[in-house]
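Both chains come to you apart, so use the hints to assemble them.
Residues per chain are reported as follows:
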Amino acid sequence: MAVDFATVLIFLAVASAFVAVALLLGRFLRPKVAEPDKGSIYECGERPIGTARFNFNPRFYVIALVFIIFEVEVALTFPVAVAFNHWLGGGRGTLAAVEIVLFLLVLVAGLAYVWAKGDLDWIREVRSDGEENR
Amino acid sequence: MRQIADWIILNLFGVADAGSWPYSWLVYLGMMVFAAVLAITFVAIFAGPVTWVERRVAGRIMSRLGPNRVGPQGFLQWLADGLKNLLKEDLIPDAADRPLFRLAPHLVWMGMFGAFVVLPFGAHLVAADLNVGLLYILAITSLVVLGLLMAGWASNSKWALYGGIRSTAQLVSYEIPTAFSLMVIVILAGTLSTQEIVRAQGGWPWDWFVFRNPFTFLAFFLLMTSSLAEGNRVPFDLPEAESELVAGYNIEYSGMRFLFFLFAEWANLWIMAAIGTFCFLGGWQIPGVSPDAIDALLARSHGWSWSWVGLQALSFAIFAIKASWLVFVVIQIRWTLPRLRVDQLMIACWKYLVPMTLVCILGVLAMALLIPQGGVLDYLIRGLMMVVGGALVALFLWRARVNYMLARDSYRKMEGRELWFPPYRLV
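Protein sequence lines correspond, in order, to chains A and B.
Heads up: the first sequence begins at 1 in the working numbering, then just goes up one per residue.
Heads up: the second sequence begins at 1001 in the working numbering, then just goes up one per residue.
Because the hints were derived from the structure by calculation, they are not lab data.
Because the structure is a prediction, the values reported are computed rather than measured.
All C-beta atoms, glycine included, are put in the ideal place defined by N, C-alpha and C.
Careful: at least some of the hints might be erroneous.
To be verified - To spell it out: a stretch of chain B is covered by chain A in this simulated footprint if at least three of its residues, at any positions, have a beta carbon under 8 Å from a beta carbon of chain A; those stretches are: (1) 1107-1118; (2) 1202-1209.
Claimed, not checked - Here are the computed lysine-lysine pairs in the BS3-like style, where the Cα-Cα straight-line distance is at most 27 Å: (3) B/K1088 <-> A/K117; (4) B/K1351 <-> A/K32; (5) A/K38 <-> B/K1413; (6) A/K38 <-> B/K1351; (7) A/K117 <-> B/K1351.
If we strip away everything but chain B, and leave its shape as in the complex, we get (with noise of 0.2 Å):
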């Protein structure tokens, strides 16, 4: 984003030294709001789209059909159950901590939103390319943690508190993992800068962290389900568990100040999926494009410049692309495994996932200083592990065959033609 505040005090104001212009603050305050309302734009009409993505994968995998009522295939239900709880009646009850009530839903979506700053989308696409990047994502989410925390303390309710408290626990817990399987980044990056991480990578997928070694891999899956827990999805939803808690921390909250919740909770997911794409699986790079053009080719364009237009979006569609998938995956484990217990969840987190990431750490460390980077022992490395990889897909693949083949007959009728696969579709 700065790159372009300055191209565009260049080529408006025609000032090439934008440091010493005294209204270059202006451009920059522009740009930054202009920057955050298009990312709350984006988290708008990411979060609304996806309740319907996932509601109807969830009809999908347990056979029923979903919401399919407001608009083509039910496409619009979020646009209604926004407007509803726009319209409806904002209890707060006698009870209540009323200061601290109405904190908390801000306090849980600065916290979320707050992400996006340093969040990567394409090569200039950026908010703010801060130097400490990674470490100011880890903290700023912790500001959700506080909000939840709030919500479940100030709504006086048992469910709340239990809620509340069980959902700290959580998430404090799976930070530790978060930050040790980044740590695995910040070590082969060498920055943690969100940015210059994508930069240390490449396009092609043998560039990919996630291909560099076997510790890289384990740390890549160690990540996801750390993260897992970190937005509260299944198997990891105990803050909410519907058939224990009720409803968990937002129990008391009704009409908007509910919304923000969940709102926040969906938008959480794009970032979950945005941190695996850009620490580990190259984030925007362009395969064949190095993003030093990229760069060359802003500032040496004096005026418009169709070429870094065009790579700016296909940056931001790979980027989009590979962090939709994540996101996609993620929805499907949700409706695929069932709750852990508190103490399977506790369990998990500290005797398996902290030794793990340890050990990545470790083994990373050891493969840094033995084995010499872009030698032929590292390629032959990263092409083993690509193997692995394709291997897991496969196996993927092989498994909804294997279901399609199953209940053969059944698709048959429902699709009236032979099918390869069970048929993957949302509507």
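Just chain A, same shape as in the assembly (with noise of 0.2 Å):
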């Protein structure tokens, strides 16, 4: 078991050395000619206009959280699938059936909830107070 992790180890680092090697190997290979506008971020050709870092979609973070929700039971159910089909074979398969199915069903209900709230659309409504629709 050790040595299997371990190849999973040896893998990331041959994957990141692979990318340095490239990297150090171009250094001594490109040009490098200093330029100001060269440091410039790409905005279309104009001078940049203030910085990147700004508020955002909160959208976006909706969807974020939706997201662990439904990947740690993904994580949760994974294991209980595998033992199904041993249980299958012991004359057990429907209790872990049910199980299952109880357990997606929490899972369903939340997906159910955000899509009845509205979260699963892109875009909304705006009422005409400006307020957004819910």
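Here it is as structure tokens:
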């Protein structure tokens, strides 16, 4: 087992080293001509206006929150899904299936809530008073 | 790989019990580094030529030539592109966060390359057969998301930030349907190990998971759709939508650093096709040869066994043909479909793909409970699904024929003779 997971470490190290070596090799080959305009940000050829670290559309964070809930659920359901086949062989398949379905139903309830709340819609209606429609 | 290392210890050093030998870790370490270098070579010689294939297919679909100057039929174009990027000046914007800017390509590469650890290329050709294989793939590829977000934020450019955030939202959203459609396989196979999943299937099409029942058949298409989005492929290539975001997260990168993002994306094409192949299309299984027989061949052979080498090569060829076919389909999809809008992208994921994959899981559970494996009814359903699959291929061929008939005269002029199909070639 230790050997298997050591392989993962070696692979990640080799991947990172490959990038580093290629960049190092290029350092000796490529030109380096200093020019102040080369260090500026690309903004369609104009001088950049302000910084890029501004407030961002919060809808992305709602998606991130929904994702985390689902991903935790996925991580917890995978081991149960593995066990299902063994339980099926032992004649307790129905019990395992009911467990998985109950677990997934909680997830579906969450999805239904987010769906009904309108957080899955990217484009929201805006009421005449300027408030977002919920 | 572990079995091969044990074989080396047995035959080269004459040690029967690798566990008690004090130097066996050296052999294992050597094999790990060898496997990693081999995999990186594979990535390089896959990602390079496949760019040429893609550009030629694009040219063919758009009625233009595509690259045809460097080397025979432009085949060496990818080498020229790589060399050009190596010699190009490396620019880092003054306003950028330099350490994060430099770190991002490393993370993207590690996340992509980490998946190669568990991809089963052949009967014994896997770097490490982790017992959590499928979950490991889902976990390690999340590093790519981190890398893209880091690249977008560290650039301190508005385009890059938009691209980075968009790709994060897209990649994390589509991870859910990917994971759920893979769960269908886990329920059927009862294991997360990639090699065990391949072994749970068989060499013949009716033993493949894709034809097992209607729900796995649907899950295969759902998996391929969501992995298109995971790999930033059209119709889900919003992160780098040239026409709206200029280039997305990698806009401030140049030269070699820029190339590594694209490199990872091309390699991702193989990972996506490989996952589809080993989970649904029987992987490396050779029709008529049981995997246990290949195992026995390695365990029994003191010395060189040509039949073992032959079977390894054959299993690798079978896997490579299936995966390359999927890669080719994905390339054709890229040049056929238009790009989605952001809201359509999110709706497609959360309101269609996620509920459909949930239905697939419930369906597979019900089928496993109601229909006994290996019974008459089971094989009847498998046969039926194969008919449906065959009908889809027939429809594809028929559409090609219709297209040929529409422009028959120009094809005749082009080729100088009567054909059955539009000429289907790259050169």
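Give me the numbers of the hints this structure contradicts, sorted from smallest to largest.
Numbers 2, 3, 4, 5, 6 - these are the hints that the structure violates, sorted from lowest upward.
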